[in-house]
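From first to last, the protein sequence lines stand for chains R and G. Position one of the first sequence corresponds to residue 916 (this note's numbering), numbered consecutively onward. Position one of the second sequence corresponds to residue 44 (this note's numbering), numbered consecutively onward.
What the hints contain is simulated information worked out from the structure, not anything from laboratory work. It cannot be assumed that every hint is accurate.
To be verified - Listed next, the in silico DSSO-like pairs over lysine-lysine satisfying Cα-Cα at most 30 Å (straight line):
(1) K1339(R) x K246(G)
(2) K989(R) x K1009(R)
(3) K246(G) x K1314(R)
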Amino acid sequence: MSRRSMISRRDLLKLSACGAFGASMSRWLPVLANEIGASPDRRRSVILLWMTGGPPQTDTFDMKPGHENGGQFKPIDTSVPGIQICEHLPRVAKLMQHCAPIRSMSTKEGDHTRATYLLRTGNLPQGPIDYPTLGSLFSKELGQEDSDLPNFVAVAPYTQFSPAAYGPGFLGPKFAPLIVGDPNRVGTNSNGANYDQSLAVKNLSLPQGINLERADARLSLLGDLESDFASHRPGLNADSHQSAYAAAVRMMRSEAVKAFHLEGEDAKLRDAYGRNQFGQACLLARRLVERGVPFVEVSLNGVNNNQAFAWDTHAQNFNSVKSLLEVLDPAWATLMSDLKDRGLLDSTLIVWMGEFGRTPKINQQTGRDHFPNAWSTVLCGGGIKGGQVVGKTSSDGMKVDDRPVSVQDLFATMCKAVGLDSMKQNVSNVGRPIRLAEPTAKPIAEILG
Amino acid sequence: MTHPARAQCRVMNHLLHARCHGFRLALAAVAHVLVFAVAPLFSDDVQELADKIDRRIEARWQKDGITPASIADSAEFLRRVSLHVAGSIPTVSDARQFLRNESYNHRRQLVDELLESPHYIVNFSNFWTRVMMPESATDVQALAQRPGFQAWLRQHLGNNTRYDAIVYELLTTPLAGDRGMNSIMQNPGSVSPIAFFTTKQIKPENLAAATSRMFMGIRIECAQCHNHPYDSWKQEQFWGYAAFFAGIERTNQNDGGLGQVKEVFDRRELTIPDHETVVQATYLDGTQPQWRSKVSSRRTLADWMTSKQNPYFAKSAVNRLWGHFFGVGIVEPIDDFGGSNKPSHPELLNELAADFAAHDFDLKYLIRGIAASKTYQRSSRKTHVSQTEPQQFARMAVQGLTGEQLFDSIAAAVGHLESFQQFQPFQFNQPGPRTEFLELFAPDNNSPTERQTSILQALALMNGQFTASATSLEQSSTLTAVAEFPSMSSGDRVEAIYLAALTRRPRPEELERLTKYVDSGGPSKNQKQALSDIFWALLNSSEFLFNH
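Given the sequences, and given the hints that come with them, work out the whole structure.
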C-alpha cells in the first residue's frame, strides 16, 4: 500500500464528511452569503501583488543615490524617518509605517521560467515533484472547505513562461486558483477600457437560452446519474467530481459572487485605485478578502494589457518602470488604506514581489537585466511590524552586505505572519512529505508582529 | 484477412521490426527463414500472457479471501478498451456494431483493430510524450519542441518499433553536427527525439535523473545533492551515472539559452560540481562498462540500459503500461521502484518483464496480453466489500481521462469529425476549443485513480461554450440527428444518446424515467430540448468523464 493511497483515503473521508453533495437536489441550493466584514476571530488572508518579469530594486525600494547604478529616479522621504523609496511611489511612501521592505533577497536563479517557479513555490523545479504555488499552499491552510467563493483567486496571472509555477501541483485541482482576467490569450483579455468585463469569472453564468428552471432540471438529471455512479463505483474520482460541481453551483448561486460586480463600488474609490485592470483588480482583491477569501493574487504584467512582460526592462528601463509605478502606486496605496478603513489591514498580509530583481548596472540600451543576487521584496499589513527595512546591499547594489534572505526564509516569514506553522507537512506526489517551508528556513523575526 | 493469417503476418512484422538500429538490422535478413518455423510456437502467446496474469492475480485473491467483481459486459469493455488503446470512446455506430456481435474472440479482435488504427498511434504518442517530455505539459519552450518529438514517436509507433529500439535511438541520437541541435533549431518540426535532450537542458545531471526514472523506475535525483535519506543511492553513484552524458558540452550560452552543442564522444568521467571529486562513468548496478573503441559513452550506456539483462528496464516499462490499463501499477508510484515501494505481485511483475523481453519488447504484444486477461476485463462495479484495495485488482479502477481523451471523447459523442486535428503549438492567441480544453484539463501528476476536478473545470463543463454547442440542437450533429429523425420513439432517442455518450443502453428504470421526461418536454415543454437536457447531464456525469 503506497503512502499516497493512504492519504487519498483520508481525503476521501474528509470529502464525504463535508457532505457537499448527495442524491438530494436540495444540497445544490445556494447557501446564504457569509456575513460580510471583520470578526474578531477571522482568519488571515494574503494578497500577493506579483510583478511579472522582475521589477528593479534600484528604482523602487533600494535606491542608490549618488552612484552611477542609481539611475534616473530620485529617492523621497516616507512616513517613516530614515526610510527612503522611489519618487514614483509617493502614496505608498505615506503608508511606510505598514510596510517592511526586504532589501537583501538573495537567490540563485536568473532564468524567468525557473526563477518564477522558485519564488512562487519556494523550490527550483526538481525532478518529479510538482510543488504547489503559494496561493494553493496557503489557501489550503487558511481556507474553508464549503465556502461560497473559492479559497484562491488569481487575477491576470501571466503563466506562459512557467505554468507549473501557477498551479496547485501535488495538492491537486481542488486547490487550483479560480482565474479571472486571463492575460494569456488575446480576445479573452480586455484593453484598459474593458476591465470590468475582464475581471468577471469565466463560465459563471448559465449558457444562453438556459433559464434557472431548466438548469435545475438538468442538475436533477445529473444528480440521478451521479448517485447511481457513486453507489456502484465509489471512490475519490466521483467524490471529487461531485464536490467540485457542488462548489461551482454554490458559487454560481451565492450572494458572495457579487464580489465580482465592481460596478457597485463608490466611483471615487474606484478612481483612487486607478481605472485600469491592475487598479480594479486590487479593488476586487479587497472585496474578495472582505468576503473571506484567504488568498488573492494580482499580477501586474504591464500598464496596458497589450503588454505581458513589462517589468522585463532589458531596454528603456526608466520609461517603462515609471509608467508601471504610476499604475502600481495608487492601486497598492489605496488597497492598504481601504483595508485599513474597513479594519481588515491587520488580518491581511500583502506581499509585493517578482521572480528576481534587475542588474544595478545599466546596460547600453538604458535597460537593466536579470539579477537574483541582491534584490527587494516588500511585506505589509497583517502580522508585519512595518516601518522597518530588512537587510542592506552594497553602495553599488551588487551584493548583499547584511542579512541575506532566501526564498525559504521569505516563505517561513509569510507563514508566521498569517499564523501558520511552517513545519506543517503535505504529502507530495512522490510520497514524501514536504513542509510549507524547510526546517532550515529562518523567519525574519524582527518584522513579525 | 482471416485471423490466423493476421496472426502470422503479425509474427512476421514482429520479426522484421525486431530492431531498427545499427548492427541489429541483420536480424531482418533471417526473418523470412524463421517465420514458418517460429509461428506455431507463438500461435497464442497473447492468451498465454493473459493466463499468466490471471493465475497470479487470482492466487492472491484466494489467499486473501477476495471476491472479485464479475466480468464486464461488452459495452463496459468496449468503452474502457477504446479509451485505453485509442484514446477516445467509440462512436454510436461502432458501439452498435460491436454490441450486436458476441462471437468468440470478439474482444481480441477489437483490440487488434484498435491497435492497427491511427488512433492508437496518436493516443500512445501522447502517452509516451507525457512520460519522456513531461515538461511539455507546463513549459512553453518545451511545448514548442513537441511537434518534432511527437512525429518521431508516431513514426515508431506506426511501425511498431520495439520499445528497446525506441529508447536506444532516444539515448544515442546525435546532438552535435548536422543532424543535431542546429538542424532542429532551424526546423523545429523536423522528426527527431532531440527535444528530449533540450527539455532536460542538455545537462548530464538532468539527463541522468530523467533517464533512470523514466526507463528504469529509479529515482536517484535526490542523490544529486546529498546521499539519499530513504533509499540507498549515494551521491557518487548519481554522478557516476551522469558521467555517461559528460561528453556533452554547451558553448556560447547566453541568458538561459542552450547555445551550441559539442560532444566529446569518449569522455567517461566528470567532476561533481562544487566538489573536488572526479567520478568515472559507472552503471547503476555498480558494474564498470566494458569500453570499446569508437563506441561513445552514450551508446555504451544505451547498450546496458536496453539490454535484456537489465532487470530494471523491462520491469519499468511493464509497470508503466500496467498502470495505464489498471490505473494503479504493480509498483506505485508508477516510476519509483525505490526502497519502500514493494511490488504488489512480485512474481507477476517478473513474469511480465521476462515475457516482454522474450518478445523483443513488443509493446503491442504486451497490450494484447493485458487486454485479453480476465483481470483487465473485470467490471468496475463494486459487488463485494473485499474489492476496496486497488492493488488487488479485484475490480477495474475508475480512472481520470487526460485532456486529449476528454476532448476527443466529447467530439466522438457529439459527432464532430475534426477531433483528429493536429495540435498547433504556436497559436497561443487563437486557441481552438481543443487547446483550451487541454490547458484546462491538463492532468495533474496524481494517479489516474485519484484525479480531482477543479471548480473551473466544473464551470467549463456545465456552462462553457463547448458543452453549449455540444448540447445545442443547432450545432450538435448527434443531438440533431437523434432529435430530428422521424420514426424514432422517445425511448429510441434516449437510447441513442446513451450509446453516444456512455456507450451503453439505458437500464429499464432509466429508460422509463427519461422517456417520461422527454414526453413531458421538461421545463421548456419541448421534447427536443428535453433531449438536450439529458445529453447535457450525460456529458457532465462521472460516468462520461471517467474511464471505468
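Hints and how they fare:
1. K1339(R) x K246(G): Status violated; Cα separation ~34 Å.
2. K989(R) x K1009(R): It holds: about 16 Å lies between the C-alpha atoms, which stays within 30 Å.
3. K246(G) x K1314(R): 28 Å, holds
This entry does not satisfy hint 1, going by the numbered hints stated previously; all others are met.
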